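A.B. asks: Sequence:
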Amino acid sequence: MDSDFQSKSLEKSDKEALFGESDDLRVGMEVSDESEAYQLCNTYAFNKGFSIRKGHLRRDSQNKVRQREFLCSKEGFQVDEDLCEAKKVRRLDTRTGCKAVIRFTVENGMWKLSYINPVHNHEFAKPEERQFLRSGRNIPSVRANILGSKSDGSIRPAKSHSYLGKEFGSDENDGSTNKDLPNCLQRSKDEMIEQNGQSLINYFKHKQMEDPNFFYSVQVDQFSRITNYFWRDGRSKLDYDCFGDIVCFETTFRTNSNLVCSPFLGVNHHWKNISFGCAFLLDESAGSFIWLFETFLESMGNKQPKTIFTDEDKAMEKAKAIETVFPETRHRLCNWQISKNATQHLASHCADPEFKKHFNKCVLDCFTEVEFQNSWDDMIKMFNLESNSWLKMLYSFREKWCPAFSLDTFSANIGSSQRGENTNTIFHQVSRKTVDLVCFVQHYEQKTKKMRFTELEEDFRCKNAMPHLRVNSGIFKHAATEYTVKMYSFFENELMSIFGVRMVEVGNDGNQYIYEAIEEGLQRVYMIQYNSTTSMISCSCKLFESMGLLCRHALKVLDFKNYTSIPTQYIVKRWTKGAKKGIVVSNEFCKSSYRKAKSAQSLRLSELMHEGNNVFSIGSLCDSGTRIVRQKLAETIKLLESDEETTNMLGSLSKVDDQSVCDVLLDNGSVESPSCDG
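Under the UniProt record's numbering, think of the first position of the sequence shown as 1, with each following residue one higher.
Worth flagging that the hints you see were computed from the coordinates, not collected in a lab. Bear in mind that the values here come from a model prediction, so they are computed numbers and not experimental data. Hints may be right or wrong, so weigh each one.
[Unchecked claim] Listed next, the in silico DSSO-like pairs over lysine-lysine satisfying Cα-Cα at most 27 angstroms (straight line): (1) Lys357 x Lys306; (2) Lys573 x Lys561; (3) Lys272 x Lys99.
[What the hints assert, rightly or not] Pairwise CB distance ranges, derived in the manner of DEER restraints: (4) Arg66 x Arg461: 36 to 42 angstroms; (5) Leu608 x Lys581: 19 to 25 angstroms; (6) His478 x Gly55: 32 to 38 angstroms; (7) Met393 x Phe124: 41 to 47 angstroms; (8) Gln62 x Met496: 27 to 33 angstroms.
We treat Cβ as the ideally placed atom computed from N, Cα and C, and that holds for glycine.
Go ahead and model the full structure; you've got the sequences and the hints to work with.
C.D. replies: Shown next, in the form of structure tokens:
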């Protein structure tokens with residue numbers, strides 16, 4: 001009997017080793033059918049960091065399977081597209097000609113592993129990226145992580161308590177129940193703000209214990225009552241260091257306790273929203289905005305953005321605060337809200353296509369101040385709008401919304417339109433359905449996690465795929481190598497548009513050339529200056545200054561001069577795949593059974609973060625100190641990557657079966673490089 005028990009235990013342990021505990025395959029391993037063979041190879045591939053697909057299938061004379069190969073998903077090369085076939089979506093090219101293969105031979109009904117080529121010609125996915133491996137999605141634990149991270153995260157009042165219970169261990173920890181909610185709605189708003197405020201501060205203290213780089217601040221009035229709040233986590237500081245040149249500030253949302261919800265958003269290298277922090281304001285006075293902007297600036301290491309977008313509401317108060325706190329920053333109004341408000345103040349005219357054409361030209365399509373003034377005067381006279389008070393107010397702020405006044409300042413060319421609209425979709429749901437500020441913050445954190453998950457997914461796509469080039473030439477290849485997929489699509493559009501640009505040389509003094517360019521079907525003339533010695537080039541459309549990408553007019557000149565790559569000075573790092581290069585981040589997916597180990601890990605993380613901040617502060621005092629810290633950080637990363645226990649732990653975290661994404665390390669604070677320590 002002991003022998004039977006031992007054999008069954010060995011059989012069970014062998015099966016566990018086959019499907020999840022072993023990172024290596026061995027020639028001679030046997031499984032019972034093709035499904036188990038695929039599962040074995042897929043688990044092995046996931047642990048290593050690559051995806052697989054089925055390859056050659058050979059049959060014998062009786063049509064029985066004799067041999068099956070499983071290939072790396074990057075095997076071979078993409079077949080050239082049929083140019084005559086119209087496609088709405090062009091797939092990215094993920095193939096690299098990888099020769100890695102796993103071969104099974106079927107003998108006597110058993111599938112025997114007969115050959116392995118483990119050599120790949122590409123990088124493996126990092127542990128936090130493995131959830132995006134295509135074949136890995138067939139592994140149940142990975143599918144659960146993806147579903148959890150893509151959940152909407154909206155918190156309804158009835159569900160907010162259970163959500164907090166998950167975070168703190170039980171529903172009782174936040175001091176309220178579902179039965180208390182109706183009574184809570186009947187309290188005075190001052191009382192609710194005071195009680196919610198204390199709960200919120202307690203929650204912020206809890207977050208600060210988890211994330212030493214978590215920052216929060218409150219403002220009190222003359223009666224020592226809390227009036228305004230601001231908070232941001234450690235990852236927001238890191239993101240601001242990389243993408244803090246553009247900030248979108250919104251004040252269009254209010255909680256049921258009548259506090260103004262004011263998120264700070266940015267735009268990352270994938271043209272996606274990222275979060276820099278959030279605030280609750282009691283009012284929209286200039287004093288509140290000055291306190292908030294000063295607090296935000298302090299939390300971000302006193303680095304001022306190049307451009308800050310705000311909505312039109314309380315424009316005077318915001319303008320005063322921005323001039324006071326951000327003297328080096330260009331203030332822009334949100335074009336999306338201006339267009340929206342136009343439908344309210346000019347309802348009868350907005351139905352007229354001719355008026356919309358003139359209005360949109362003034363708001364979006366004027367490149368010089370003279371052109372704007374002429375267009376504005378024509379619109380006012382044509383539609384008899386001399387006495388319209390809203391247009392008078394709008395005209396007084398023309399420097400803050402008309403592109404003709406700000407083309408020389410970097411703004412990512414976003415106009416803040418999609419940012420405000422998306423933010424409204426994110427926050428209006430919870431702000432109108434709950435009075436619990438902690439629940440609102442929890443909802444905000446969920447949405448922030450979703451933004452960060454999207455960024456991680458886009459990073460994985462950029463790392464493992466290349467856009468399919470429309471033209472197989474050097475400058476296309478160079479752009480596809482440097483830029484993210486989204487930014488390459490913008491650049492490709494400009495590059496393809498050079499065929500519609502007509503150019504003539506109008507000046508030449510040896511090294512300095514001057515060209516005039518006109519786009520087919522348009523009358524506007526663009527002036528391009530090019531220096532053949534320094535490869536410096538500029539265009540009067542100022543797309544590079546405002547967007548960070550070369551325009552079609554400048555690219556026309558470079559093409560004429562036979563350039564096969566983009567001059568290095570015109571590749572802006574914030575739009576490249578390496579925009580966050582050198583920044584150490586981790587991503588963790590866990591389950592409830594992991595929480596005990598997580599508490600110990602949080603303590604270790606807290607100690608390391610405090611020690612690291614001290615090192616970074618000392619190192620940042622001078623260039624030589626910064627150089628030493630960077631060198632030692634690079635050495636540390638190599639040591640961690642070669643440490644078996646560390647790599648095994650990172651790999652196992654990605655396989656944990658959970659129904660939701662929880663305690664992401666990025667939200668618990670990121671280890672920052674000295675260049676991003678602020």
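A.B. asks: With reference to the structure, classify each hint as holding or not holding.
C.D. replies: Results of checking the hints against the structure:
no.: 1; hint: Lys357 x Lys306; verdict: violated (30 angstroms)
no.: 2; hint: Lys573 x Lys561; verdict: holds (25 angstroms)
no.: 3; hint: Lys272 x Lys99; verdict: violated (35 angstroms)
no.: 4; hint: Arg66 x Arg461: 36 to 42 angstroms; verdict: holds (37 angstroms)
no.: 5; hint: Leu608 x Lys581: 19 to 25 angstroms; verdict: holds (22 angstroms)
no.: 6; hint: His478 x Gly55: 32 to 38 angstroms; verdict: holds (33 angstroms)
no.: 7; hint: Met393 x Phe124: 41 to 47 angstroms; verdict: violated (58 angstroms)
no.: 8; hint: Gln62 x Met496: 27 to 33 angstroms; verdict: violated (55 angstroms)
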